[in-house]
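Asks: Here's the letter readout for the chains.
Protein chains: 2
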Amino acid sequence: MTVITAVFEIRDAEPERRALEIAVEQSHELPTAVAPQESLHSLAHVASVVTREDGVAVATIEFPTELAGGELTQLLILLIGNVSLQNGVRLIDFAIDGGLAQAIGGGPRLGTAGIRRRVAAHGRPLLATALKPVGLPTAALATMAYDLAAGGIDLIKDDQGLGNQIWSPFAERVSAVAEAVAKANADHGTSAVYLPAIAGPGDVFVERVQQAVDLGADGALLMPGISGFDRIAEAGRILGDDRIIYSHPSFLGGFTASDEHGISPEVLFGLITRLAGADAVIFPSYGGRFSLTPEQCAGVAANAARDFAGLTPILPSPGGGMSIDRVPELVAHYGSDVLLLIGADLHRGGNLRAAAERFREAAESA
Amino acid sequence: MTVITAVFEIRDAEPERRALEIAVEQSHELPTAVAPQESLHSLAHVASVVTREDGVAVATIEFPTELAGGELTQLLILLIGNVSLQNGVRLIDFAIDGGLAQAIGGGPRLGTAGIRRRVAAHGRPLLATALKPVGLPTAALATMAYDLAAGGIDLIKDDQGLGNQIWSPFAERVSAVAEAVAKANADHGTSAVYLPAIAGPGDVFVERVQQAVDLGADGALLMPGISGFDRIAEAGRILGDDRIIYSHPSFLGGFTASDEHGISPEVLFGLITRLAGADAVIFPSYGGRFSLTPEQCAGVAANAARDFAGLTPILPSPGGGMSIDRVPELVAHYGSDVLLLIGADLHRGGNLRAAAERFREAAESA
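In the order they appear, the protein sequences are chains S and E. All residue numbers for the first sequence refer to the numbering used here, where the first residue is 1 and numbers rise by one. All residue numbers for the second sequence refer to the numbering used here, where the first residue is 1001 and numbers rise by one.
With the rest of the complex left out, here is chain S (with noise of 0.2 Å):
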């Protein structure tokens, strides 16, 4: 029998109790002295409890991986769902075998090796930018797009703020915009790639993936806070094999914004959004205008590219108030493997493309 094990931090003045407490909410929901018989072969087991040197406590437990079902779902009901409610416990490592990840759908399916093909880049870090602001006419931002491009910029996505608005609907902007793209890659030889934002409610989403695929997109931005993490292999399966999957954080912040509950950023925008297919992953990245230390930053860049259950490596994607100016230290601090996100930033001085362009001379060079 293989299992799933999970490591969490403990915070809690009996951490031996505490972590039989969380093996058992997160399997049986039910005091073992009560359980069945015939159940407990599907309880948890506590594996170790080991206090660190700064005083917290590491549990391991070991769940029977036919608790999962083959679904990534039912995985992060088990890996964290009723002790998220719960302070003083957070989860800051998993691992599963092949079998399971192969049936949760395989994860990334270009990953870093992927991208870097689709966009012609071999070597240097890679760069992404943002479509915005929402409310602009779709003409404006598909000349946007074809300036980005043109400038050198390899990634170009919308902002989350677009959706389906009165002033630039879905399905006419993808389709402008992804026409403005291909004409800038033909006129200068570049070959950057546009994804729209895509988190419409319900069937909607998966209509709008099926949209982004027949106007001539080359992938999607997903917000698995918003929409699951499931939906990244759903999106994925109608994007096909050549397609890139960017995953974003918005509304994950619960889990990010305190350093003793939930889950480490390490493990969700490392892991978990690997496990669930997405190509690059989108955090805040230290320095910015959200809370992540450099320590925890280049942990999610780590868990993005370390082995884990035979899946493909995936570009961590550093964004949030990024600079031109950073950019070296930014690739000293990640590596080349890197997706820089830059946005406002690029907007400064009026000119787009010459921006694109510093921001390109800056990547290649650092």
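Derived by calculation from the structure, the hints in this document are not laboratory data. We put the beta carbon where it would ideally sit given N, CA and C, even for glycine. Check before you lean on any hint, since a few could be wrong.
[Claimed, not checked] Below, a sample of chain E positions facing chain S; criterion: calculated Cβ distance under 10 Å:
#, residue
1, P1064
2, R1109
3, G1135
Using the hints provided, position chain E relative to the given structure of chain S.
Replies: Same frame as chain S, but now just chain E:
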């Protein structure tokens, strides 16, 4: 032009500056100094910033209603998407107009009145429990459901840990348990309902909701933290106007585990879940295994019932380690429009039906 109003607690030395940053982050994501003139109609505005007696600032921010594009997913993105990643910002209230609420799906179909009608229970607190633990064979779960219905439980749901595992596959379980509950109702003159847990990935989610209908279930237990809040309305369209949607808080804890960021539980469970279309909402009650205060719990119940965008009231369902002994106190705290959820406590003593009868008696005399 109508607006979406969002109210945030801000913990920051400069709350006015921070409120402005939130308004920009959650609409344009671009400094207004570099935003094109033709985009300014979509910018959110700070209506007021007031510092309370406790020193916490409260900012009211107004967004053009068009920013939500008529979709719950985009509404969640603008209410808290990016700033969920920041400490010191907490969504504590919001308001939308009835037109947006209708575009989103119109909210709950049954609500409190509809559930009371379905289970033929008026003027008393309602009773819910869960089939558990995962790992039991279907026959044992069906027997358990029969005893619980015969004992007077109104609403019997799968535990969230029950998915499509080898021990009790989804379709086999739904069919057998629905039949057992129907037989108990026929034998004992009760009106119990059965709601299977549905958190399948991608299109499996929709398939299971349809299976639940086809196999005789009375609704579904959904986990919006896992599946996305938007899937509540998607399930509702399949379930129709006479089946119950019950919301479970799994994987939502990141938002509730600190008082200084995220979304207040009053808004998360009382307003967002209701707007999404759930008829009853489980939340971790005070005095159990989780972390909410009595005041927060009362606030959830108040928000579940108050006037909000023309939506029907829904049932608050406090759970997470409740016991029969506490029924009088819980009813005193929540009022009689409540769906009391007691799980493990019914299993103590070894006679489920007798425990269900004691639970029912406690609720009827509370």
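Asks: With a cut-off of 10 Å, does the beta carbon of E/P1064 approach a beta carbon of chain S closely enough for the hint to hold?
Replies: holds (8 Å)
Asks: Holds or violated: the hint that E/G1135 contacts chain S, with Cβ atoms closer than 10 Å.
Replies: holds (3 Å)
Asks: Regarding the hint that E/R1109 lies at the interface with chain S, is the smallest CB-CB distance below 10 Å?
Replies: Result: violated, 15 Å to nearest chain S Cβ.
The structure is inconsistent with hint 2 alone, although it conforms to all the rest.
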